[in-house]
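> Chains S and R supply the protein sequences, listed in that same order.
For the first sequence, position 212 matches number 212 in this note's numbering, and the numbering has no gaps at all.
For the second sequence, position 88 matches number 88 in this note's numbering, and the numbering has no gaps at all.
A few of these clues could be false.
What the simulated footprint calls covered on chain R by chain S, stretch by stretch (three residues with Cβ under 8 Å from a Cβ of chain S suffice, anywhere in the stretch; the number is not a length) [stated by the list, open to error]:
| # | region |
| --- | --- |
| 1 | 24 to 37 |
| 2 | 165 to 176 |
Across the chosen pairs, the derived CB separations fall in these ranges [what the hints assert, rightly or not]:
| # | chain 1 | residue 1 | chain 2 | residue 2 | range |
| --- | --- | --- | --- | --- | --- |
| 3 | R | Trp-23 | S | Lys-206 | 49 to 57 Å |
| 4 | S | Gln-126 | R | Ala-134 | 39 to 47 Å |
| 5 | S | Lys-401 | R | Asn-203 | 46 to 54 Å |
| 6 | R | Trp-42 | S | Lys-230 | 52 to 60 Å |
These are calculated hints, taken from the structure and not from any lab test.
Note that the structure is a prediction, hence the values are computed from the model and not measured.
Ideal placement from N, C-alpha and C gives every residue a C-beta, glycine not left out.
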Amino acid sequence: MKRLGAALAVAAVALAAAACGSGGDGGDGGGAASGEPVKLRFLSLAWQKESIEANKEIVADWNKANPNIQVEYVQGSWDNVNDQLVTSFEAGDPPDVIHDDSPALSSFASRGFLLDLTGKIPAELQSDIPQAAWDTVTFSDGKSGQGVYGVPFLQESQVLIANKKLLDDAGVRIPTPDSPWTWDEFADVSKKLTKKGTYGVAWPMKSPVNKVLNLALNFGGTFFDTQDGKTTVKVGPQEREVLQRIHDQLYTDKSADPSALGMGTADPLPGFFAGKYAIVPAGVYLRQQVAEQAPDGFQWVTLPPLKGQTSQQGAVSQTLSVAADSKHPDEAVKFIAYFLNGPNQAKLAKGDWLLPTSTSAAKISALTTEENGWDVATASAKDLVVAPFLKVNGFDEWKSKVATPAMQEYFADKISLDELAKRLVEEGNKVLERYSR
Amino acid sequence: MTRALKYLALLGYVAFLSFPLLWLLSTALKTPQEMAALDPTWIPRRPTLANFADAFAEQDLVGAGLRSLVVAVATALITVALALPAAYALARFRGVAGKIAIGWVLVSQVFPVVLIIIPLFMVLRRLELVNTLAGLTVVHVTFVMPFALWMLRGYVRAVPRELEEAASVDGAGRLRALAAVVAPLLAPGVVATLLFSFISSWNEFMFALVILKDPEVETLPLTLVRFVGPEGVARLGPLAAASLLATVPSLVFFAIIQRRLRSGLMAGAVKG
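Chain R on its own, in the form it takes in the complex (with noise of 0.2 Å):
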């Protein structure tokens, strides 16, 4: 019985969860006569792929979501690969030196966007990288490297100490100690703060609105947003049928990556 009401309450949970998702799948395959109905249905009663053709006619969806995702999968493991060293420094090392490093992270995340946008455009210009992905990859990167840093911080300061020296003990050196005991521990970690960096870089709307200026270099959020008009009114069914397709690249990000952070936790289960 306790067994039944566990499953009973995830399976609450999981269509409280993927509800959005399955109102925008519902969405898009409807007439727009049956979305102006006023008693919503939640199977359409006369599908139509008119939507998704029209999305895709109108905007270059492919292209955008393809330039999205080089950015956010650099953004990811760009930020990754420098937030992990600086992370393992800031935890194990600790001094003036970390506390003030670690209050300006903590700093750099008061100042709303709209407060640097410019002075960085200015930068950006100067650097020649507006109207370029590797111009917003950077942005991205260092957007979401603070946080990036501080969520690897409490995963390393998670790792004990003295496995470290246990390896040291055993005649390890400190590469092979950090290669062979944390690393592997450190897995699940670094995947979440991939997850997060990446997600963060695909949904970001207002750097990439500022900077990337010609249609051949926008990304998909900036694309999406051409199906709103004025005072909010929008053209539903072609918006819901390119968000749709623009959650997939996500969730197969996601489905590749979730097996990882599941052996990355084994693995650190059984170096533990």
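With the rest of the complex left out, here is chain S (with noise of 0.2 Å):
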């Protein structure tokens, strides 16, 4: 039995001697031996059919050229992206290209993960992307600096589709890019399409933050304020008119139906397809569901962006980024200059239905073709702007802890908007507190 027990602490001490070492070496090794191709490990996060293909078939592309940086294409998933880059970042063996969002690349830089590229990106990449959409990858760097962290390549605005034979009926006017519907126009347009079992609209708000958070700067509105590096929440009037105007159409005008709330983005389709709903705002990437699962005859329309002082919408933007462990970087950025190329970035945006960053890509036929939406999606890109939100410290905390469970008592019409200001400000700024200490 002592031998039993002696044996177990040996076996216990060598187990933790071993996982508290640094890992250092020992990994697959980067470092390529004279003559033989230095290998990239490229994590695409593309989950739809035809964007797999573009992904996959830039990648063959690239290898065929350069037969000197072969790129070996590793598909994630959005579901559980983070926690994978995650554990492979503190490991220290993460993949050299990464396909992410633009949210959560913040923390990763702070944290030394990702690597600074500016002044790395080729001058014709740079100057295809607008400032914008940079924007939206510019993070500190967790000491005193800024940095660029990723390359921004695909974006996603709001727009509204709708049942094009409802409207018709309803003898509403279709909106343009050039004329959209104002936020009035639109509660106006939602009541005239809410007759015996049709709703002129349904809100899925399943996770609403982010939703109202960007369609909020259509009036200004940013819900953050930041003052000599300390961020604080704020609901005035601004933040408080798109809130107001969805929880009027919900419960004022009963033009939007409750039972939605609840739902997932692509959930109330079924129902949109029956005509229980007349109009879905949603991102402009669920047109793809739409068109493939849209019954035979179903005629439908893709709606520009809603307007109130201004069009603006928050943006964020998937992103090509360098780990900053990576052995080879400079392979890495020239790889993904290749890969996010005008023609290259209309074939993904095409792939994922989004929109490409690149003005090059958007100019291209594919993505101006009125068929499925194609002109009125590109367009909405002109009003994308960094969201707010983007920069905060915290927000992730601040969103799940605080924003969605109070959001979604609001819009269940459970609290007031007063109660709802004060739980976002006063719980909201006891979490960011932490992060700016």
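Could you fit the two chains together into a complex? Lean on the hints.
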């Protein structure tokens, strides 16, 4: 028995010692021996069929043209990419090129996991992407400076997807990118479209925060105020507009279906196809699901984003970054520059039904055709500006612990707008304070 | 009447248990349009195999399935092979060391996976087992072992010590008594532990996500999650088709091993 105890103790110590080791070397090594091609691992989050095909095709083209820099396509998934990345960063063995979205980059950047790409991006790619998009990937380096921690390449705007027949039957004006509906007009139209068995609109609010914060910019609502490096939450008249208007549609006008509130983004589609809802506000990518799932003969149309004081919306972007631990950062940047050139961005945008950040890609005819509302979707990119919450340290915790439950209660009509504002500010500031110490 | 009620209750129970599988089958055979219909249908109006074709075309389901099978079978066999003698020792030889060992087994279940995953990764990297099925198997065995040990210990304790003593009175040595008397009685427990270990490994996602980095070595749970996009939006058709296929090896394994479970029970009864 004593021997058993001793053996267990030795095994435990050995395991602990090994576990506490720095990791150091021992990985698959990055430094290719002389003459061998450099190998890069590219973690892609493409998931739609056409998008995966486009990704693989571009990687294959690159590998063919660059025998000395071979890229391995590794497919990840949005559901768990951050778990995967955190563990691989901490263990010192991350992929060389990383696909993610801009909100995730902030904390990775401040912890030194990502390479600062400032001055490393070729001028052609740099100038092809507008500054507003670059702003979505510019973050604190965790010390005293700022850096660019990814190349933004796909963006999403909120549009309206509508049942064309119901709009025509109601005789309402069909908005265009040059003459969008105002929120007032949208409220009127929603009321007109509401009849027995049909609601004007379905607001899927299972995850309401980003949607509300992005739309709030229509009225100049930013929800956060940063002064002297300290960020606080603010919910003034500008921030209240969108919240109040959606609430009014639900409970005053009764032109929005309260039963849709608990739904995720794609969940209202069966009701939409059945004529239960005339309009579904959604990200542009939902058009893919509509195109694929709509019954034969169903006529639908993509309508431009709503206008408040402006049509501005907060934007986040999908990005490609280089891991700070990559053994081949220069080659990784070269690959990204090729992967995200204009024609390739157009392919990727088409495959994911999103908007390219590249101005040259946005002009490509496939992205300006009327088919499936591409012209309207692409035009909406001009009003995308950096989402104010993107730069807020602690936003994720504020969102999950404070804003999501509070907004869900508000939209369920269980608390008033004043109570919502109070909770967002008071409880929110307590959360944010911890991040500013 | 009582018998009819029993059958009715059994039928209801079977229907309840098989509901997810039947719904998966129904979904896998539907067109996107039918899947998005407001009134769901049990039997697809226009059954299609397109979802299966898409799932196979987009992901290496066969390769991933084979790799999962290798890891799960190896995990089940190694776990039981290592846990059985340990369980026997812990059940039969009670002392301070045994109590400490059992306490350690229980404590090992307390740590959340996320806490141990990075140190574990570093250990595997030093052993050059990252990105290998062998590495994943080692982790799965380690992960499954405590509970398997606990299960088997219970089964061993359920075998009366007097049976071994009776065998020794009849002239059998310890090993003979173990092989001829204890082993048949333990068979159902061993089979149940094999099943538990197999299923735990077959379904495991988090360790596989972190340890396996190249597409050439990834297991089935990693492949299935590729059909899920941001904000929970999923490509339901291919996902249902792939998930349905992913259940087949488990069902086959169950079907094969369940017979052994039955024969083990009977063998135990005869010997007892």
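> All hints, please: hold or fail.
Consistency of the hints with the structure:
Taking a C-beta to C-beta cut-off of 8 Å, the region 24 to 37 of chain R contributes 5 residues in contact with chain S, enough for the three needed, and the coverage statement holds. Only residues whose C-beta sits within less than 8 Å of a C-beta in chain S count toward coverage, and the region 165 to 176 of chain R has 0 of them, not enough to reach three; the restraint is violated. For the pair Trp-23(R) and Lys-206(S), the supplied restraint of 49 to 57 Å is violated, since their beta-carbon distance comes to about 22 Å. Between Gln-126(S) and Ala-134(R) the beta carbons are some 45 Å apart, a value that agrees with the proposed interval 39 to 47 Å.
Checked against the hint of 46 to 54 Å, the C-beta distance between Lys-401(S) and Asn-203(R) comes to roughly 30 Å, which is inconsistent with it. For Trp-42(R) paired with Lys-230(S), a C-beta distance near 58 Å keeps the hint of 52 to 60 Å intact.
Going down the numbered hints, you'll see the structure goes against 2, 3, 5, while the others check out.
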